[in-house]
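**Q** Listed below are the residues making up each chain.
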Amino acid sequence: MQVFLQTLVSGLALGSIYGSLALALVLIYKATEVINFAQGEMAMFTTYIAWALMEHHGLSYWPAFGITLVLAFFFGAGLFAVVVKPLARASVLTVVMATIALLVILNGLAAWIWSPQLQFFPSPFPTTSWVIGGVHISKQDVGTFGVVLACLVVLWLFFRFTKLGLAMRAGALNPSAARLVGVRTSWLLALGWGFAAALGAVSGMMVAPTVFLTPNMMQAVLIYAFAAAVLGGLESPVGAVAGGIGLGVMLNMLGTYVHPVTSELRLPVALLILLIVLLVKPAGLFGRVVVRRV
Amino acid sequence: MKRYTHLIGFAVLVAAVVVAPFISSNYRSYQLGFVAIYLIALCGLDILTGFTGQISLGHGAFMGIGAYTTTILVVDHGWRDLWTIPVAGLVAGLIGVAFGLPATRFAGPYLALATFAIPLSLIGILKRYPHFTGGNVGKNLPQLHSEFGWHTNPSIWFYVVTWAVALVMFPLAYLIVRGRFGRALRAVRDSEIAATANGVSTASVKTAAFGISAFFCGVAGALYAIGITYVNPDTFPIDLSILLIVGIVVGGAGSLWGMVFGALFVEFIRISWGPGILDLFSKVHHIDTHAPGSGLVVYGVVLLLVLYVAPAGFAGLVHRLLTGRSAVAAWAKPRPPTPTDPATGAEGP
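Quick note, the sequences are listed as chains A and B, same order.
Here the first sequence is numbered in my numbering, starting from 12 and rising by one per residue.
Here the second sequence is numbered in my numbering, starting from 17 and rising by one per residue.
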């Protein structure tokens with residue numbers, strides 16, 4: 012029982028990280044029908060910015076965290092305006108290729124600017140743990156979960172209760188109708204990319220203390236986020252978060268209780284889950300089945 | 017192009033391949049051997065991406081599977097290295113079919129999503145079973161021995177072997193994409209609905225294309241292992257898979273001739289063209305152009321530029337020069353405006 016609870020808590024923390032990156036993917040997918048393959052590298056890049064703010068500019072953790080979120084927002088919106096918007100009429104495959112180009116460029120730039128060596132990224136939470144009835148609950152896990160959850164709640168409040176959020180939902184649901192009633196959809200898409208980049212930055216800064224900061228640190232996380240997004244349904248924000256948390260817990264449980272699944276097999280298992288979901292329930296657990304009109 | 021122009025083109029290619037080792041150094045011949053390897057891999061991937069319209073971001077992993085098949089057969093089972101090449105292709109092809117069977121059933125981004133996970137998964141699997149694959153350390157292959165009593169420099173022999181295979185695989189790819197099956201591939205790319213209506217089973221065509229492309233990459237990987245004489249989990253990183261797709265786009269997706277340029281690009285962008293471009297800039301600004309990561313930035317930027325300026329790649333540019341008409345790669349055609357269903361707000365196909 013002790014082991015079970017500990018596995019569960021760390022699975023929740025990891026899963027919330029996957030979930031936040033998955034939500035970033037879903038935000039962009041819903042708005043532009045594009046899978047942003049650069050999402051992980053954008054998160055990595057902004058995490059490096061946070062690291063540089065702390066390491067070279069002497070900021071403490073939370074100010075650096077806040078500044079990074081703001082920078083990430085403009086970074087994401089800027090990337091949309093410069094790279095993706097000119098391809099608005101191009102095929103989906105071209106846009107996907109453009110995001111892959113971004114992935115390559117950001118990965119290279121990070122290694123170029125900050126060197127590809129491992130860097131230590133601090134965690135704002137103490138490394139100690141609470142002991143409740145013999146169960147060690149790491150404060151870092153709880154903190155990670157809390158931060159991600161807080162960001163999600165803020166995002167939800169924005170989409171649910173502000174006029175801008177309503178406009179963004181309208182733009183994603185039916186762009187031409189939204190344009191007809193005066194919503195400037197291209198601005199909203201930039202806004203969506205900004206939010207996605209900021210969310211990605213949160214996931215990057217939360218995962219960096221455990222995996223160390225390198226230009227390749229988000230590659231695996233991106234794949235977990237893909238699997239999480241597909242698990243929840245690429246169209247569903249709630250599904251992305253639930254899928255991420257479910258995947259994190261599931262992988263942790265498999266790692267603890269199924270002996271042959273070692274840490275090297277986490278990714279192949281995630282890929283297997285992705286394939287099984289696509290086969291059994293292609294729309295995901297929370298997605299609705301899209302009927303294609305001929 | 018008409019059939020006879022293809023034949024003339026192929027004759028020119030063969031002539032160039034025969035002449036090249038006589039006018040270049042041994043080391044350059046060794047590099048050109050890798051161009052042959054990339055040509056095989058790119059032709060395979062082009063059948064999937066350029067002709068069938070399915071993006072794969074993981075075909076470097078099928079090269080890895082081919083390379084490991086060759087290495088394990090040679091090192092642990094005492095096979096002759098050349099005989100392992102077709103076996104490596106078949107193993108990679110079968111795994112490709114097994115993977116493609118579920119993955120190609122879905123339109124749109126799902127295949128790219130799933131394939132993106134293959135290279136990293138392969139690394140995990142290779143490390144998990146070290147008694148079979150050599151784990152982190154990998155395995156060393158003996159150097160390639162020349163056959164038939166020839167006494168040549170190993171680099172030249174490597175060149176001969178790789179181009180001999182490439183000059184079989186390249187026409188093979190041509191035979192695959194023309195005729196009935198090739199038309200089915202293009203039909204799936206251009207409109208799955210129309211393809212289905214005409215009796216093409218899209219799922220099985222896509223799976224077959226996936227298997228064929230994996231077969232080509234497996235052959236390429238076997239030659240790759242023979243060329244570098246070792247394999248380990250880091251030999252086939254995700255960067256390789258991405259570089260392959262970059263080669264497709266730069267060469268011109270949907271054109272096999274473009275792949276010749278794509279293969280040259282893939283081999284030389286890292287070792288000479290990329291640094292060359294950066295050196296131009298370093299004269300203007302004082303930047304460290306040989307820092308790690310700089311090469312990645314160059315080929316990412318080249319990919320972006322190609323997407324904006326010449327979406328049909330190098331083959332499209334040549335086509336434009338020869339015929340005066342602009343060519344748009346079929347996979348990069350602009351999407352038609354999607355009609356919106358007024359009742360539900362759901363977008364059409």
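In case anyone wonders, no lab produced these hints; they're calculated from the structure.
Yeah, the Cβ is synthetic: ideal placement off N, Cα and C, and Gly gets one too.
Heads up, some of the hints might be wrong.
Distance ranges between label pairs, derived from CB positions [to be verified]: (1) B:Leu-110 to A:Gly-145: 47 to 53 Å; (2) B:Thr-339 to A:Arg-171: 27 to 33 Å; (3) B:Ala-36 to A:Ser-126: 36 to 42 Å; (4) B:Leu-110 to A:Arg-100: 49 to 55 Å; (5) B:Ala-36 to A:Ile-124: 38 to 44 Å; (6) B:Tyr-43 to A:Phe-15: 57 to 63 Å; (7) A:Arg-171 to B:Leu-106: 30 to 36 Å; (8) B:Ile-244 to A:Lys-96: 53 to 59 Å; (9) B:Gly-195 to A:Lys-292: 36 to 42 Å; (10) A:Lys-96 to B:Phe-26: 51 to 57 Å; (11) B:Asn-156 to A:Thr-267: 34 to 40 Å; (12) A:Val-164 to B:Arg-336: 24 to 30 Å.
Straight line, CA to CA, 20 Å or less: simulated SDA-like cross-link-like pairs of lysine to any residue [unchecked claim]: (13) B:Lys-143 to A:Pro-137; (14) B:Lys-143 to A:Leu-283; (15) B:Lys-143 to A:Thr-273; (16) B:Lys-143 to A:Arg-171; (17) A:Lys-292 to B:Arg-202; (18) A:Lys-96 to B:Val-103; (19) B:Lys-155 to B:Ala-219; (20) A:Lys-292 to B:Val-317; (21) A:Lys-174 to A:Pro-248; (22) B:Lys-143 to A:Pro-248; (23) B:Lys-155 to B:Thr-245; (24) B:Lys-143 to A:Val-269; (25) A:Lys-41 to A:Ala-99; (26) B:Lys-143 to A:Lys-96; (27) B:Lys-143 to B:Gln-159; (28) A:Lys-96 to B:Val-318; (29) A:Lys-292 to B:Leu-117; (30) B:Lys-143 to A:Pro-293; (31) A:Lys-96 to B:Val-317; (32) B:Lys-143 to A:Lys-292; (33) B:Lys-143 to A:Val-272; (34) A:Lys-41 to A:Asn-227; (35) A:Lys-292 to B:Val-318; (36) B:Lys-143 to A:Ala-99; (37) B:Lys-143 to A:Val-249; (38) A:Lys-96 to B:Tyr-324; (39) A:Lys-96 to A:Leu-168; (40) A:Lys-96 to A:Lys-174.
**Q** So which of the earlier hints does this model not fit?
**A** 2, 4, 7, 8, 10, 12, 13, 16, 17, 18, 19, 20, 22, 26, 27, 30, 32, 34, 35, 36, 37, 39 and 40
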